[in-house]
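*Asks:* If you read the sequences in order, they're chains A and B.
Using the numbering used here, the first residue of the first sequence is number 1, and each one after it goes up by one.
Using the numbering used here, the first residue of the second sequence is number 1, and each one after it goes up by one.
Quick caveat, the hints were computed from the structure, so don't treat them as lab data.
Hints should not be assumed to be uniformly reliable.
[What the hints assert, rightly or not] Cross-link-like lysine-lysine pairs, in silico, DSS-like; alpha carbons within 30 Å at most:
{"id": "1", "chain 1": "B", "residue 1": "Lys420", "chain 2": "B", "residue 2": "Lys388"}
{"id": "2", "chain 1": "B", "residue 1": "Lys387", "chain 2": "B", "residue 2": "Lys191"}
{"id": "3", "chain 1": "B", "residue 1": "Lys50", "chain 2": "A", "residue 2": "Lys78"}
{"id": "4", "chain 1": "A", "residue 1": "Lys118", "chain 2": "B", "residue 2": "Lys40"}
{"id": "5", "chain 1": "B", "residue 1": "Lys35", "chain 2": "B", "residue 2": "Lys322"}
{"id": "6", "chain 1": "B", "residue 1": "Lys50", "chain 2": "B", "residue 2": "Lys387"}
{"id": "7", "chain 1": "A", "residue 1": "Lys78", "chain 2": "A", "residue 2": "Lys304"}
{"id": "8", "chain 1": "B", "residue 1": "Lys322", "chain 2": "A", "residue 2": "Lys118"}
[To be verified] A few chain B residues that don't get close to chain A, going by computed Cβ distances all over 12 Å:
{"id": "9", "residue": "Ala222"}
{"id": "10", "residue": "His236"}
{"id": "11", "residue": "Leu239"}
{"id": "12", "residue": "Asp241"}
{"id": "13", "residue": "Leu247"}
{"id": "14", "residue": "Asp257"}
{"id": "15", "residue": "Asn403"}
Cβ coordinates follow ideal geometry from the N, Cα and C atoms, glycine included.
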Amino acid sequence: MMLGKTAGGLFWMFRYLERAENTARLLEAGWHMALNRSSTASNEWQSVVTTAGVLNAYNQKHDEFSASRVIDFLLRDKDNPSSVMNSIDLARSNARQVRTALSSEVWEATNECWMILKQELARPVAERNLHDLLSTIRYRTSVVRGALYGTMLRNDIFAFSRLGTFLERADNTARILDVKYYLLLPSASFVGSSIDNVQWEVILHSVSAQRSYRWLHGGDISAQGIVDFLVFDRRMPRSLAFCAAETVRYLEQLEQEYGTRQESQILAERMSERMSQNTIESVFQNGLHEFLAEFIADTTQLAKHIEQDFSFYG
Amino acid sequence: MTTTPPCFDEMLISQDQVRDPYSDYYDWFSKEDLKRLRLKSAEAEAFFRKIGITFNVYGQDEADERLIPFDIVPRIISSREWARLERGIDQRVRAINAFLHDIYHRQEILRAGRIPAELIARNAAFLPEMMGVNPPGGVYSHIAGIDLVRTGEDDFFVLEDNVRTPSGVSYMLENRETMLQMFPELFTRMKIRPVSAYPRLLRRSLSNCAPENSPNRKPVVAVLTPGIHNSAYFEHAFLADQMGAELVESTDLSVVDGRIAMRTTQGFQPVDVIYRRVDDAYLDPLNFNPESLLGVPGIMDVYRAGNITLANAPGTGIADDKALYSYMPDIIEFYTGEQAILKNVPTWRCSEADSLAYVLEHLSELVVKEVHGSGGYGMLVGPAANKKELSDFEAKLRAKPANYIAQPTLALSTVPILAKSGLAPRHVDLRPFVLVSPNKIDITPGGLTRVALKQGSLVVNSSQGGGTKDTWVLGD
Numbered sequence: 001m002m003l004g005k006t007a008g009g010l011f012w013m014f015r016y017l018e019r020a021e022n023t024a025r026l027l028e029a030g031w032h033m034a035l036n037r038s039s040t041a042s043n044e045w046q047s048v049v050t051t052a053g054v055l056n057a058y059n060q061k062h063d064e065f066s067a068s069r070v071i072d073f074l075l076r077d078k079d080n081p082s083s084v085m086n087s088i089d090l091a092r093s094n095a096r097q098v099r100t101a102l103s104s105e106v107w108e109a110t111n112e113c114w115m116i117l118k119q120e121l122a123r124p125v126a127e128r129n130l131h132d133l134l135s136t137i138r139y140r141t142s143v144v145r146g147a148l149y150g151t152m153l154r155n156d157i158f159a160f161s162r163l164g165t166f167l168e169r170a171d172n173t174a175r176i177l178d179v180k181y182y183l184l185l186p187s188a189s190f191v192g193s194s195i196d197n198v199q200w201e202v203i204l205h206s207v208s209a210q211r212s213y214r215w216l217h218g219g220d221i222s223a224q225g226i227v228d229f230l231v232f233d234r235r236m237p238r239s240l241a242f243c244a245a246e247t248v249r250y251l252e253q254l255e256q257e258y259g260t261r262q263e264s265q266i267l268a269e270r271m272s273e274r275m276s277q278n279t280i281e282s283v284f285q286n287g288l289h290e291f292l293a294e295f296i297a298d299t300t301q302l303a304k305h306i307e308q309d310f311s312f313y314g
Numbered sequence: 001m002t003t004t005p006p007c008f009d010e011m012l013i014s015q016d017q018v019r020d021p022y023s024d025y026y027d028w029f030s031k032e033d034l035k036r037l038r039l040k041s042a043e044a045e046a047f048f049r050k051i052g053i054t055f056n057v058y059g060q061d062e063a064d065e066r067l068i069p070f071d072i073v074p075r076i077i078s079s080r081e082w083a084r085l086e087r088g089i090d091q092r093v094r095a096i097n098a099f100l101h102d103i104y105h106r107q108e109i110l111r112a113g114r115i116p117a118e119l120i121a122r123n124a125a126f127l128p129e130m131m132g133v134n135p136p137g138g139v140y141s142h143i144a145g146i147d148l149v150r151t152g153e154d155d156f157f158v159l160e161d162n163v164r165t166p167s168g169v170s171y172m173l174e175n176r177e178t179m180l181q182m183f184p185e186l187f188t189r190m191k192i193r194p195v196s197a198y199p200r201l202l203r204r205s206l207s208n209c210a211p212e213n214s215p216n217r218k219p220v221v222a223v224l225t226p227g228i229h230n231s232a233y234f235e236h237a238f239l240a241d242q243m244g245a246e247l248v249e250s251t252d253l254s255v256v257d258g259r260i261a262m263r264t265t266q267g268f269q270p271v272d273v274i275y276r277r278v279d280d281a282y283l284d285p286l287n288f289n290p291e292s293l294l295g296v297p298g299i300m301d302v303y304r305a306g307n308i309t310l311a312n313a314p315g316t317g318i319a320d321d322k323a324l325y326s327y328m329p330d331i332i333e334f335y336t337g338e339q340a341i342l343k344n345v346p347t348w349r350c351s352e353a354d355s356l357a358y359v360l361e362h363l364s365e366l367v368v369k370e371v372h373g374s375g376g377y378g379m380l381v382g383p384a385a386n387k388k389e390l391s392d393f394e395a396k397l398r399a400k401p402a403n404y405i406a407q408p409t410l411a412l413s414t415v416p417i418l419a420k421s422g423l424a425p426r427h428v429d430l431r432p433f434v435l436v437s438p439n440k441i442d443i444t445p446g447g448l449t450r451v452a453l454k455q456g457s458l459v460v461n462s463s464q465g466g467g468t469k470d471t472w473v474l475g476d
């Protein structure tokens with residue numbers, strides 16, 4: 001038996017942790033790209049902000065895209081609801097809310113992550129310290145994940161935690177692809193020479209997948225290959241198909257534990273089936289952007305249904 | 001404020017003479033390296049931060065979570081001293097529960113003229129809604145924290161009876177846990193009575209008071225918290241966790257089929273016992289404060305029907321109201337037929353003309369408290385106040401004398417803390433925690449020792465610069 005509020009708290013705690021991690025990764029990719037470029041990188045910084053889904057908030061505050069502004073905005077700006085610090089703050093306050101459902105290792109790892117980042121992000125981060133800081137974020141969030149895996153019961157608590165993670169991740173990967181979709185259109189790859197290797201790197205880097213992509217595809221970097229990998233490859237833990245399958249898995253686990261099949265499970269199964277029935281060819285044919293937009297809308301819908309089905313709120 | 005020594009020091013009788021209960025500890029301490037101990041002290045702080053034993057100070061930025069400073073020198077009580085305190089506390093808590101039952105039923109004590117009736121009738125802590133209500137198990141104050149101070153070898157006084165929602169027990173437990181981790185050798189060497197049974201006993205005494213008509217096979221217990229912004233949220237979560245109870249906010253609760261139920265991922269689940277950490281006024285917006293967002297509408301009706309246990313019962317505040325405090329010796333005698341074992345601090349009721357005159361004349365020597373205040377707020381410490389503060393307070397006192405009581409400034413005992421230069425005496429008080437079941441009273445050996453960290457200060461409240469110590473009761 002679990003309070004609806006507790007389920008909601010776990011779900012959001014892990015969504016926010018995933019978000020913090022994704023934002024850090026996105027920043028790292030953008031940073032990497034900016035360093036490897038001779039001309040101005042302001043368009044790229046704009047696409048980083050767009051991918052993070054905070055373009056409106058950014059535009060309300062700044063009228064140009066520069067490395068230092070974007071970095072500060074994404075890391076620590078209070079006016080950016082998805083900044084790393086805000087996400088970690090929210091993750092921790094959700095964790096406090098559900099403390100009794102967490103093992104002490106998970107709580108302590110979350111609390112320490114917050115304590116350290118609060119200190120590190122108290123002031124703007126100098127460029128020379130950015131790399132270390134981003135590693136700290138990745139490291140500290142991994143500790144929480146490790147504690148979750150190592151110490152938590154595999155029951156509904158675990159299921160709601162993982163659902164939060166995978167819905168956030170699915171949304172994130174889809175948004176990265178959507179912001180870059182013009183680069184991934186077949187026409188671009190036909191032109192061939194116009195493909196900027198740095199851009200491919202950025203996409204793979206922002207989902208921490210350069211190495212795994214190379215492992216599977218060698219040096220053969222193509223639009224189809226990347227989209228196929230990030231959308232359909234079930235071996236890739238950040239692909240849409242993987243996230244959809246995991247979502248189904250944890251909803252099934254809840255069905256077994258609770259003995260009830262919920263609306264959200266049907267939705268998730270439908271999403272996952274669409275993944276296995278679709279092919280990269282048909283996606284390109286019918287429009288990658290349309291495909292991704294639909295996927296993002298479906299994820300949002302699914303999250304809403306989970307909230308209702310399990311009474312997160314009154 | 002500063003006091004002039006000598007006050008009674010619980011460790012040292014003189015420079016080189018140690019009181020008995022401290023002799024083993026003192027032996028150990030004298031051989032320790034101060035540097036190592038200071039390191040331990042810093043370790044303890046990091047430990048508290050990591051597990052998040054912090055509290056929010058009201059009116060401060062929410063992000064500003066503070067630690068209550070912890071001092072690593074324990075406060076030690078001999079088994080003989082404790083046995084007496086235990087008897088006194090037991091007697092007091094029995095009397096308080098009997099008083100509460102009486103005051104909400106036949107009011108024999110008023111008929112007997114032992115307490116002025118207007119002290120009850122016009123008191124905001126008295127809840128007319130509780131008249132004739134029989135709490136499940138017959139217990140009113142399931143959890144009590146009796147504040148004690150000491151002024152000499154055999155002189156203990158009750159400063160306050162906390163029978164609404166006493167806090168601090170999580171510090172008692174975590175302080176012990178910390179000491180066990182840092183100084184295991186001391187626990188091998190000395191016989192120190194454990195405190196770790198508290199959460200289990202709490203769960204048991206709450207379960208023993210569950211309504212008899214419950215639909216649940218096993219009593220379902222929940223801790224009701226105002227939420228994560230409450231200053232004691234850590235403690236609420238801690239106790240729920242340790243008891244294996246649910247931690248709920250009022251938004252998780254509803255009245256379903258005449259019972260209180262919590263909203264779970266699988267629908268509503270009836271609750272039997274609510275250990276509530278919200279004040280009476282925020283319990284039920286239908287019955288008490290219509291402005292409150294914290295309450296559960298209709299919970300009082302369920303309570304009156306006997307379908308939920310609330311711990312502590314609504315209306316217990318009448319028993320620890322400062323206006324009634326001075327009547328405690330009479331209350332104890334009335335219900336137990338015995339003299340009070342633990343003394344009250346002599347108290348002037350400013351509502352009485354003679355007392356008021358005395359208090360006004362001796363304002364600079366007395367401690368004056370608001371009858372409804374708590375946490376050390378709204379209080380005058382005469383010897384520490386300047387002329388302006390005294391005259392301001394005098395005006396308040398003259399305007400509403402019945403709002404105040406006055407007590408002599410007690411020379412609180414001291415226990416050393418680890419200061420920069422080594423051991424340094426600081427004033428302390430003690431809050432033992434008491435659990436009341438239908439047929440049993442459990443008192444955890446020791447309790448929470450609060451210590452005024454500023455030299456000479458008598459104010460031990462955490463909101464005003466107080467810290468805590470682990471409290472050891474020695475075995476026989």
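*Asks:* Confirm or reject each hint.
*Replies:* Structure-based check of each hint:
no. : hint                : verdict
1   : B:Lys420 - B:Lys388 : 35 Å, violated
2   : B:Lys387 - B:Lys191 : 50 Å, violated
3   : B:Lys50 - A:Lys78   : 24 Å, holds
4   : A:Lys118 - B:Lys40  : 25 Å, holds
5   : B:Lys35 - B:Lys322  : 45 Å, violated
6   : B:Lys50 - B:Lys387  : 45 Å, violated
7   : A:Lys78 - A:Lys304  : 26 Å, holds
8   : B:Lys322 - A:Lys118 : 43 Å, violated
9   : Ala222              : 9 Å, violated
10  : His236              : 9 Å, violated
11  : Leu239              : 10 Å, violated
12  : Asp241              : 4 Å, violated
13  : Leu247              : 5 Å, violated
14  : Asp257              : 17 Å, holds
15  : Asn403              : 38 Å, holds
Violated hints, listed in ascending order, are 1, 2, 5, 6, 8, 9, 10, 11, 12, 13; each of the other numbered hints is respected by the structure.
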